[in-house]
Amino acid sequence: MINEIITNTIMKKSNIAIVDTGSANLHSVLKACKKVGAMVSITSDEKDLYKSDGIIFPGVGSSDAVMKSIKKKNLITPINNLMKKNHPFLNICLGMQILFDSSEEGSEKGLGFIPGTVKKFSRYKKTENLKIPHMGWNSVNFKSKHMVFKGVPNETKFYFVHSYYCLPKYDENSFATTDYGIEFCSVSIKNRVIATQFHPEKSGEIGLIIYKNFIQYTVI
Amino acid sequence: MLTKRIIPCLDIDNARVVKGISFVDIKDAGDPAELANYYNSEGADELVFLDITASSEKRKTMIDVVEKVSSEIFIPLTVGGGVKSVKDMGNMLNAGADKVGINSAAITNPKLIEDCSKHFGSQCVVVAIDSKKFNNGWNVFSHGGKIKTEKEALNWAKEATNLGAGELLVTSIDQDGQKSGYDIDLLKEISRNVEIPVIASGGAGKLEHFLSAINDGQADAVLAASIFHYRKFKIKEVKEFLKNNKINIRI
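Chains as they are written, first to last, in my numbering: chain A, 1 to 220; chain B, 1001 to 1251.
Some clues are possibly wrong.
[To be verified] Simulated restraints, written as ranges between beta carbons of each label pair:
| hint | chain 1 | residue 1 | chain 2 | residue 2 | range |
| --- | --- | --- | --- | --- | --- |
| 1 | A | S107 | B | N1155 | 30 to 36 Å |
| 2 | B | V1086 | A | D179 | 31 to 37 Å |
| 3 | B | N1037 | A | L130 | 31 to 37 Å |
| 4 | A | E104 | B | S1085 | 27 to 33 Å |
Since the hints were made in silico from the structure, they are not lab data. On a predicted model such as this, the values are computed, not experimentally measured, just so you know. For glycine and all other residues, C-beta sits at the position ideal for the given N, C-alpha and C.
So that you can see chain A by itself, here it is in the shape it has in the complex (with noise of 0.2 Å):
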């Protein structure tokens, strides 16, 4: 399968930009590129940003460091502004949170490019006591299609951990959800920002797909 989706990858090449956001698994997302063919570079310089044909944001850690990081590095405005401009970005866990206006989880402001905010787990719910952080495969619920997610069945297990999660204020900004407690929002969709709270870099072959599927969405 996964010599399939290799020599089934893009045709035309396309140049991805992974945005350097000191994060521990920068690495992961760049074999995972590297796995299906892509063009791609880790970079925290904008032209970069602006010459590239898609923008993987990704990040693990707290949410105040990455928003330190890429405002540190000048790459707040460049982020904003190509993510307006209908540039394809990939944004991965930490990478989906910092899109909204604000996290529980620390003090600095977010992107604010999905209006809503991002919420701490709680661990009593239901019956049973959760376990903080989510962490394993969980099924994510798809409520419409997508290119980026072409070939993915619906109620998929995804490789999941994270604490808090993404509460947008409307609902069409939420593209799929996830059981833990509460059904939160795993997937969020807006212009062409696809933004996962799931890494498919760990997700195994199902999790190169979207790889691959997005690679071929921003040369279209």
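Go by the hints and put chain B onto chain A.
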């Protein structure tokens, strides 16, 4: 709902898997990448590599192993063994590990847990607790179970959680290698007293043992080594058994 994770553990000595036997579909049971690939195709939810290399010089070979495996296999990879500093952890993460296990070094210097979680996020920090039963509790042992420490397992689990651990890998030294089941009391005691996920380790010999670790021990994940290496059960069989017993499993 979130599924329970089944995690095979590979012991690595100087870049080679030890204890492995030649599986029918594997050419070289000593090659970490080949075995990792095999377990991935069998449905492993994560992989744990434990570096048991004795000399610190040879330990550098582990970086290459992690680099290679993480370029080929896209499921979470935890690496442990000999991690003593923030720098050691950073090296493993840069090579492609998703989580890093710390054990003896954290017992000597608990602040290491805090430093690592501040640096890389608590999701990367797995604190491994090796413990042995005594009277009404469990003693924590360091250095691969060789040295008895002052710490008591439940208190250490709580302390590690407060310091920023993202997950606990709880091994019963008494049960390890016995194939008579996980230490259910130990798991239950820790799991219901900490808010972070607990991985059960040590003692799997039968399918029922996995079920009991989850149902009675309240473990979030179950780890096993020899039962998978020696092909007593395939990961798939464990998963199907658990699924038939109403456990949420990724198949």
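Quiz item: Are N1037 (chain B) and L130 (chain A) spaced within 31 to 37 Å by their CB atoms?
Solution: Since the Cβ atoms of N1037 (chain B) and L130 (chain A) sit about 33 Å apart, the hinted range of 31 to 37 Å holds.
Quiz item: Is it true that the C-beta distance of E104 (chain A) to S1085 (chain B) lies inside 27 to 33 Å, as the hint says?
Solution: Since E104 (chain A) and S1085 (chain B) have Cβ atoms about 32 Å apart, the given range 27 to 33 Å holds.
Quiz item: Between S107 (chain A) and N1155 (chain B), is the Cβ distance one that fits in 30 to 36 Å?
Solution: 32 Å, holds
Quiz item: Does 31 to 37 Å hold as the CB distance between V1086 (chain B) and D179 (chain A), or does it fail?
Solution: The hint (31 to 37 Å, Cβ to Cβ) holds, given that V1086 (chain B) and D179 (chain A) are roughly 36 Å apart.
The structure fails none of the hints (numbered hints given earlier).
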